[in-house]
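Enquirer: As a plain string of letters, each chain reads:
Number of protein chains: 2
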Amino acid sequence: MDPNGFKDFAGEMANFITNYLENIRERRVLPIVEPGYMKPLLPTEAPQSPENWEDVMTDIERVIMPGITHWQSPKFHAYFPTAQSYPAIVADMLSGAIACIGFTWIASPACTELEVIMLDWLGKMLDLPSAFLSSSGGKGGGVIQGTASEATLVALLGAKAKMINRVKEEHPEWTANEIVGKLVAYASCQAHSSVERAGILGGVQFRLLDVDQKYKLRGDTLADAIREDREKGLIPFYVVATLGTTCSCAFDNLEEIGAVSNREQVWLHVDAAYAGSAFICPEFRYLMKGVERADSFNFNPHKWMLINFDCSAMWLKDPSHVVNAFNVDPLYLKHDAHGSLPDYRHWQIPLGRRFRALKLWFVLRLYGVQNLQKYIRSHVAQAHEFEALVLEDPRFEVVAEVVVGLVCFRLKGSNDVNEALLKRINGAGNIHLVPSKISDVYFLRFAVCSRFSESSDIQSSWKEIKLRAEEVLAEQPNSK
Amino acid sequence: MDPNGFKDFAGEMANFITNYLENIRERRVLPIVEPGYMKPLLPTEAPQSPENWEDVMTDIERVIMPGITHWQSPKFHAYFPTAQSYPAIVADMLSGAIACIGFTWIASPACTELEVIMLDWLGKMLDLPSAFLSSSGGKGGGVIQGTASEATLVALLGAKAKMINRVKEEHPEWTANEIVGKLVAYASCQAHSSVERAGILGGVQFRLLDVDQKYKLRGDTLADAIREDREKGLIPFYVVATLGTTCSCAFDNLEEIGAVSNREQVWLHVDAAYAGSAFICPEFRYLMKGVERADSFNFNPHKWMLINFDCSAMWLKDPSHVVNAFNVDPLYLKHDAHGSLPDYRHWQIPLGRRFRALKLWFVLRLYGVQNLQKYIRSHVAQAHEFEALVLEDPRFEVVAEVVVGLVCFRLKGSNDVNEALLKRINGAGNIHLVPSKISDVYFLRFAVCSRFSESSDIQSSWKEIKLRAEEVLAEQPNSK
Numbered sequence: 001m002d003p004n005g006f007k008d009f010a011g012e013m014a015n016f017i018t019n020y021l022e023n024i025r026e027r028r029v030l031p032i033v034e035p036g037y038m039k040p041l042l043p044t045e046a047p048q049s050p051e052n053w054e055d056v057m058t059d060i061e062r063v064i065m066p067g068i069t070h071w072q073s074p075k076f077h078a079y080f081p082t083a084q085s086y087p088a089i090v091a092d093m094l095s096g097a098i099a100c101i102g103f104t105w106i107a108s109p110a111c112t113e114l115e116v117i118m119l120d121w122l123g124k125m126l127d128l129p130s131a132f133l134s135s136s137g138g139k140g141g142g143v144i145q146g147t148a149s150e151a152t153l154v155a156l157l158g159a160k161a162k163m164i165n166r167v168k169e170e171h172p173e174w175t176a177n178e179i180v181g182k183l184v185a186y187a188s189c190q191a192h193s194s195v196e197r198a199g200i201l202g203g204v205q206f207r208l209l210d211v212d213q214k215y216k217l218r219g220d221t222l223a224d225a226i227r228e229d230r231e232k233g234l235i236p237f238y239v240v241a242t243l244g245t246t247c248s249c250a251f252d253n254l255e256e257i258g259a260v261s262n263r264e265q266v267w268l269h270v271d272a273a274y275a276g277s278a279f280i281c282p283e284f285r286y287l288m289k290g291v292e293r294a295d296s297f298n299f300n301p302h303k304w305m306l307i308n309f310d311c312s313a314m315w316l317k318d319p320s321h322v323v324n325a326f327n328v329d330p331l332y333l334k335h336d337a338h339g340s341l342p343d344y345r346h347w348q349i350p351l352g353r354r355f356r357a358l359k360l361w362f363v364l365r366l367y368g369v370q371n372l373q374k375y376i377r378s379h380v381a382q383a384h385e386f387e388a389l390v391l392e393d394p395r396f397e398v399v400a401e402v403v404v405g406l407v408c409f410r411l412k413g414s415n416d417v418n419e420a421l422l423k424r425i426n427g428a429g430n431i432h433l434v435p436s437k438i439s440d441v442y443f444l445r446f447a448v449c450s451r452f453s454e455s456s457d458i459q460s461s462w463k464e465i466k467l468r469a470e471e472v473l474a475e476q477p478n479s480k
Numbered sequence: 001m002d003p004n005g006f007k008d009f010a011g012e013m014a015n016f017i018t019n020y021l022e023n024i025r026e027r028r029v030l031p032i033v034e035p036g037y038m039k040p041l042l043p044t045e046a047p048q049s050p051e052n053w054e055d056v057m058t059d060i061e062r063v064i065m066p067g068i069t070h071w072q073s074p075k076f077h078a079y080f081p082t083a084q085s086y087p088a089i090v091a092d093m094l095s096g097a098i099a100c101i102g103f104t105w106i107a108s109p110a111c112t113e114l115e116v117i118m119l120d121w122l123g124k125m126l127d128l129p130s131a132f133l134s135s136s137g138g139k140g141g142g143v144i145q146g147t148a149s150e151a152t153l154v155a156l157l158g159a160k161a162k163m164i165n166r167v168k169e170e171h172p173e174w175t176a177n178e179i180v181g182k183l184v185a186y187a188s189c190q191a192h193s194s195v196e197r198a199g200i201l202g203g204v205q206f207r208l209l210d211v212d213q214k215y216k217l218r219g220d221t222l223a224d225a226i227r228e229d230r231e232k233g234l235i236p237f238y239v240v241a242t243l244g245t246t247c248s249c250a251f252d253n254l255e256e257i258g259a260v261s262n263r264e265q266v267w268l269h270v271d272a273a274y275a276g277s278a279f280i281c282p283e284f285r286y287l288m289k290g291v292e293r294a295d296s297f298n299f300n301p302h303k304w305m306l307i308n309f310d311c312s313a314m315w316l317k318d319p320s321h322v323v324n325a326f327n328v329d330p331l332y333l334k335h336d337a338h339g340s341l342p343d344y345r346h347w348q349i350p351l352g353r354r355f356r357a358l359k360l361w362f363v364l365r366l367y368g369v370q371n372l373q374k375y376i377r378s379h380v381a382q383a384h385e386f387e388a389l390v391l392e393d394p395r396f397e398v399v400a401e402v403v404v405g406l407v408c409f410r411l412k413g414s415n416d417v418n419e420a421l422l423k424r425i426n427g428a429g430n431i432h433l434v435p436s437k438i439s440d441v442y443f444l445r446f447a448v449c450s451r452f453s454e455s456s457d458i459q460s461s462w463k464e465i466k467l468r469a470e471e472v473l474a475e476q477p478n479s480k
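In order, the protein sequences belong to chains A and B. Numbered according to the numbering used here, the first sequence terminates at residue 480, and the numbering increases by one at each position without gaps. Numbered according to the numbering used here, the second sequence terminates at residue 480, and the numbering increases by one at each position without gaps.
Everything labelled a hint here was simulated from the structure, so no lab data went into it. Every value quoted in this text rests on a predicted model; they were computed, and no experiment measured them. C-beta: ideal position from N, C-alpha, C; glycine also. Honestly, I wouldn't trust all of these hints.
Quick list of the computed label-pair ranges, beta carbon to beta carbon [to be verified]:
(1) A:R395 - B:F16: 54 to 64 angstroms
(2) A:D8 - B:R27: 53 to 63 angstroms
(3) B:E54 - A:G5: 33 to 43 angstroms
(4) A:N15 - B:D416: 54 to 64 angstroms
(5) A:N15 - B:D55: 17 to 27 angstroms
Partial list, derived from the structure: chain A residues whose beta carbon lies under 10 angstroms from chain B [said to hold, decoys possible]:
(6) G67
(7) S85
(8) E150
(9) S193
(10) S194
(11) F309
(12) W462
Produce the entire structure from the sequences given, and follow the hints as far as they go.
Expert: Written out as structure tokens, the structure reads:
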């Protein structure tokens with residue numbers, strides 16, 4: 001493809017993208033295809049000779065769009081949002097053209113340096129304690145991980161290495177494997193599945209602890225668990241506090257958990273994957289009270305801050321534990337400037353990394369902090385608007401406190417009727433929600449997701465839910 | 001940013017990109033900035049109000065370009081190539097607009113199904129055994145990982161889980177931790193640093209084995225190591241064979257290693273990160289003889305097949321070991337279509353994933369297999385052209401067999417003189433190389449990297465190397 005072909009193709013793609021996004025409401029949010037739908041639509045082998053880009057463009061509607069779940073639609077209320085914006089797409093074009101791999105500083109100084117500066121900008125936007133920021137001149141600093149799952153795992157591996165070293169000093173006769181067998185980590189039973197998975201990947205025990213009536217992990221519960229485990233000869237080493245759980249967007253009591261973690265000298269990691277974006281608004285920062293006690297903090301601008309996936313921001317007060325855990329330094333990666341700025345390959349699971357800081361830079365500059373705050377506030381207002389609609393209808397109940405952009409609700413009554421309601425909603429495919437369950441109570445999660453979402457979308461979605469609820473209730477044996 | 005603003009901005013970025021890439025030879029390949037160069041060029045905080053995209057465009061030359069190591073330049077011969085092409089950039093624009101997260105089939109069926117089909121296309125292009133392909137109707141199939149490091153780790157974790165289960169059947173009285181303490185994995189001492197790192201992350205012993213005179217791991221060496229370890233009571237469970245090492249692009253003897261691995265019932269993973277792209281040309285497939293004995297196979301189209309990072313292709317004959325090792329299934333991720341097509345979240349370390357198969361689809365269609373083969377062959381020919389230039393000059397020697405696109409060479413003489421040569425080459429910054437060392441012999445690695453690279457670039461790079469060599473040799477005490 002020559003440069004002019006590229007310019008034409010990219011221009012046509014920009015047209016396609018704006019048409020797709022600006023008219024996304026008109027598409028059925030959930031596809032109706034069956035598994036395997038695509039196979040008959042494509043050849044079984046790659047073509048030997050090049051095709052025209054015009055044919056590829058045509059195939060997007062023919063092959064791809066029928067199988068797309070439209071995450072960017074205002075009718076999409078499943079999971080949590082995944083972010084997207086025009087400036088981020090253009091930034092990724094540039095990243096794709098430069099196509100450097102930023103595993104060391106010298107491999108592309110701009111790639112490392114912009115990331116350091118952007119994580120400082122972002123940390124200041126959240127008012128993170130200065131111990132997390134590179135600009136403080138201390139050890140702390142930020143890094144872009146691919147996902148929150150990786151951040152949780154990276155912190156766990158750092159905490160594990162740190163504890164193994166500490167225990168070895170006290171018990172030089174113990175092998176690393178003996179120590180690992182005693183290590184135990186903690187999180188709320190409401191923590192994301194990737195937290196439990198980090199324990200599996202890291203080969204350590206993970207205890208998922210009970211929550212209070214508001215689904216929050218409390219300090220006393222953690223303290224009791226740590227005491228029990230120490231009595232059994234185990235070694236507590238890592239705690240994950242979740243700010244904004246996936247099931248119900250509950251916020252663990254970070255202040256209490258932080259006090260216990262610090263007293264017990266275990267690594268405290270904060271997983272604010274979804275809700276962390278809200279902390280750019282001062283009025284939501286009460287939810288992260290106690291963050292100064294954490295060792296690492298993570299949230300995903302790629303969820304709710306208009307930066308395209310993958311951009312998971314992580315800060316560490318002392319990255320040396322992670323760096324030492326991961327460092328395997330061959331000659332072909334050594335360079336003279338070693339040490340003056342981070343070599344980010346030691347901060348993450350993969351070795352290679354794209355120039356992802358460009359997305360942050362473009363979005364922060366082209367929106368500005370005020371518009372990003374406005375965006376967060378508008379989603380929270382829409383969640384409360386939906387909450388009010390649910391509360392007005394006596395057939396429904398709200399099952400968890402609405403704090404930011406998620407409303408958990410259900411029809412009063414059995415789990416079965418709520419399962420039937422969800423099945424009908426998704427079957428109709430006009431809007432898309434996913435369920436959750438806490439303490440055997442099944443409920444529906446309504447997340448405000450799209451950057452195109454407005455009050456009128458909330459009203460439409462609610463109408464759709466009421467319509468499907470009426471159909472389901474009419475079919476109930478006791479409704480006659 | 002409104003749709004028209006986006007179209008203008010994207011159009012201007014497309015112009016910038018073509019100007020950048022088509023004239024990339026004119027730029028100094030290595031930047032001359034000092035660590036910290038960017039800090040004074042940027043504000044210390046994000047702007048409160050939005051800026052203009054035109055100002056952001058201007059800042060690319062002012063802030064970013066001075067700190068870029070130009071990986072796409074024909075003067076870049078460091079590491080291995082990282083791929084880039086116009087069709088891949090346009091595919092990423094579409095991926096950024098759809099912005100779905102493909103962690104389950106239902107989360108966007110097209111995202112999963114295109115990946116299944118593209119990995120079949122690609123597997124057929126390499127003539128992989130059908131047991132690796134989804135289209136064979138068996139258990140096998142492919143997945144796009146972010147990097148080869150992750151593929152090595154994923155395979156290791158699958159192998160670990162498989163072996164723990166097997167040993168537990170024989171020794172139900174052993175704890176998982178006791179078993180893990182006995183596990184041992186193997187690779188060549190020439191394997192990539194990420195292989196050793198996978199052992200650290202997975203918490204198991206990794207033995208790096210000696211190689212023969214051609215830097216290949218041989219079957220007998222592996223068999224001896226396994227026997228020794230079994231005698232010590234250890235449990236061999238995982239072998240990584242490297243096809244195209246980073247130091248010298250050596251190819252382990254896969255046929256021998258495969259026979260030993262199968263006989264000893266240890267998981268065999270093939271890491272062909274860089275060189276695997278060459279297997280789309282039949283004349284290079286002798287290098288992967290024995291691949292039918294492997295359990296998993298991985299190479300990076302994002303290195304040498306014109307697909308932008310991140311696109312690391314991995315095939316598994318039986319993904320169930322990995323899936324079972326990683327599976328932590330919460331309700332909000334369950335869906336009815338479960339089981340009929342892969343839920344790729346169980347095949348990888350992160351939970352979330354972008355729509356990366358689009359890049360493969362666009363590039364395979366818009367180049368066609370023949371042009372991709374032509375591209376590989378042109379790079380290999382350029383490597384041999386460089387090799388011939390080195391061999392013609394009696395002051396130099398070639399230190400490893402040139403098989404595909406890497407030439408390892410040095411000045412005859414001390415390591416010091418070669419270190420001085422490399423320092424001078426990179427100091428001048430007209431071309432960029434990195435060193436390596438095997439058995440205390442320091443040498444320079446010359447990789448053909450850029451998609452713009454032509455014979456004339458090879459000639460220029462060689463001229464530059466000769467010039468710097470003359471400077472260095474003139475300074476040697478015994479040259480007077």
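Enquirer: Could you tell me which of the numbered hints above are not met by this structure, giving the numbers in increasing order?
Expert: Per hint list: 2, 3, 12 violated.
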